[in-house]
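K.L.:
Residues per chain are reported as follows:
Protein chains: 2
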Amino acid sequence: MTHPVIIGVDLGATNVEAAAVRDGDVLKSKKKKTRPEKGVEEVIDRIEKTIRKVFDKMDAEADDFAAVCIGAPGAVDTEAGIVRSAPNLKWDDVPLGEVLHGRLGLPVMVDNDVNVGVVGEHVHGAGKGALDMIGIFVGTGIGGGLIVNGTPHYGWRGAAGEVGHVIVKPHGRTCGCGREGCVEAYASKTAMEAIIREEMEKGRDTQVFEIMEDKGKNKLTSSVIEASLEAEDPLMEEALQNSQYYLGILTADLVNVLDPEIVVYGGGVVERLGESFLKPIKRTARQHYLQRRGAEQIRIVPAALGDDAGPIGAAVVAQRRLRASVN
Amino acid sequence: MTHPVIIGVDLGATNVEAAAVRDGDVLKSKKKKTRPEKGVEEVIDRIEKTIRKVFDKMDAEADDFAAVCIGAPGAVDTEAGIVRSAPNLKWDDVPLGEVLHGRLGLPVMVDNDVNVGVVGEHVHGAGKGALDMIGIFVGTGIGGGLIVNGTPHYGWRGAAGEVGHVIVKPHGRTCGCGREGCVEAYASKTAMEAIIREEMEKGRDTQVFEIMEDKGKNKLTSSVIEASLEAEDPLMEEALQNSQYYLGILTADLVNVLDPEIVVYGGGVVERLGESFLKPIKRTARQHYLQRRGAEQIRIVPAALGDDAGPIGAAVVAQRRLRASVN
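These protein sequences, in sequence, are chains X and Z.
In case it helps, our numbering puts the first sequence at residues 855 to 1181.
In case it helps, our numbering puts the second sequence at residues 855 to 1181.
Next up, chain X with everything else stripped away, as it sits in the complex (with noise of 0.2 Å):
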């Protein structure tokens, strides 16, 4: 028997991927904008193209896949399909599950964005086989998942995995969550920016922004961050150490508390710079977690699907559902 063909979806706010997958493989993908400023609508609509487009690529109908499973970016009650809530967006109790079920006709799962990509790392990527995996994301902000025993850990309400809002200094910078300290407030690429942004206000040189203007950019992107550390900009080598610094505490912190096999990184900034970002991570990480037995066997690793992780991710998702819902 042939596993079924399922479509992954990862939703994020600037791209909406879909991909045929079949046991790990990406078959057929396609991306579009997602375009969130255009409203709730406008969303569906693409979402329901970009799928639609691989439908085609793939020679296909509807009917010859057997599911479509969602990663969405915020809250999501998976029972019910709904985006509870989702602010790149400025979602908002969107049915998201139920409204693409009725124009595509086949069951649509959705599940948040992360979890799903921390999925796909742990059963097709850099966490196969690993029994206990914690994954780390870091883009314009910091989001993770945990696997504990070989599967998704989602908490009491659903919430776990904030591993971004992790307390790394009491009484520290300010935080997109409005609280103080967060690692998220000194790691991510949004803080990198802020704190690049401040140091050239007090009066430091720095290309950064020449940069990100040369590149058609309004934020600092993974390719503005790779191209001023190629030009040696002392600000952001110092935001960069300092964002490593940081996930560094931060790891030995889930190090000490849920004694994981793996670490997996991910997002646009260990995509591009690889290793190397890894490395400054890992040395912070060994100085702050208990030097136990084993302790030298735990790996800190870079993910290994890039961005089809998470409609890998979704697709493992959905193969689980359906068969819990078969047995």
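Source of the hints: derived by calculation from the structure; they are not laboratory data.
The reader is advised that the hints may include incorrect statements.
Since copy identity is lost for identical chains, a pair holds within one copy or between any two.
[Stated by the list, open to error] Here are the simulated EDC-like cross-link-like pairs (lysine to aspartate or glutamate), alpha carbons at most 20 Å apart as the crow flies:
#1 LYS1136 to GLU1034
#2 LYS1023 to GLU1034
#3 LYS944 to ASP899
#4 LYS1136 to GLU1150
#5 LYS885 to ASP913
#6 LYS944 to GLU891
#7 LYS911 to ASP899
On the provided structure of chain X, position chain Z as indicated by the hints.
P.N.:
Just chain Z now, with coordinates in the frame of chain X:
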């Protein structure tokens, strides 16, 4: 069918307590001094005598009990029944299970004392019925344990739950573990005593050390803390507030990462001061964890079983292992 009676033992650096336990009820118990300074042999003799005293109190013989289970203060190889490393006892690689099995003729199991206490509180104490629970024990150090999805989470190397070594202040005070800024370096009784001593040496007034002497204690015990607070000693009050603040940060970190239903605080200080110790911890925690749906329902409560958590939890662990070995 009545459940078997199990001997649960809590082996601490100061006292060893053994109890005959059935279904979470302590039928008879006995406590002796541990005297680790007298060497491994003497301590094992004392454990055996304490257990035999419980046999006597029960008017029973070894055969009348199903097993002995010991919670030991350190890293334990639970499969082999070996205490790998217990710094407070100055023990390394002590085959406690085998030796006591030879003397008593009963199955003897060994586990970590904090894990066993957390299981006790989860099954028969403050965490009854919770799927996801965090236990935090405040004593001479800060220990902890996790219940994930109804079962204890030991981690990949059996090292999970080291909540005392979460970094709450980068480059902060030096901890007993040799690292800087661990919560244990601020919030444990040892840390509070050190902080008070430092402030005194800077010329500030305190009665804490007189109170200690009056009570014939050579360190900051829970009763010394209580008496010093009653005397409104300003350094004691400050040190306690400091401890509570950092425990609040720790609690928030753990809530954000694990999303538990309940956080149970145990240990001598909590037992002595009760809810008044927890109130500032709760306030700081709530200020620092994300206020998602349901966040107001997370409970932060004192442990319910006191000193009996160890023996009761040990009995639960023994029963589970007996069942697993039958099936």
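K.L.:
Does each hint hold? Answer for all of them.
P.N.:
For each hint, the structure was consulted:
1. LYS1136 to GLU1034: between (25 Å within a copy, 17 Å between copies)
2. LYS1023 to GLU1034: Answer is both; intra-copy 8 Å and inter-copy 13 Å each pass.
3. LYS944 to ASP899: within (16 Å within a copy, 67 Å between copies)
4. LYS1136 to GLU1150: Intra 11 Å, inter 36 Å, cutoff 20 Å: intra-copy only.
5. LYS885 to ASP913: For LYS885 and ASP913, the Cα distance is within 20 Å only inside one copy (17 Å; across copies 76 Å).
6. LYS944 to GLU891: Within one copy, since 8 Å is at most 20 Å while 64 Å is not.
7. LYS911 to ASP899: Intra 18 Å, inter 76 Å, cutoff 20 Å: intra-copy only.
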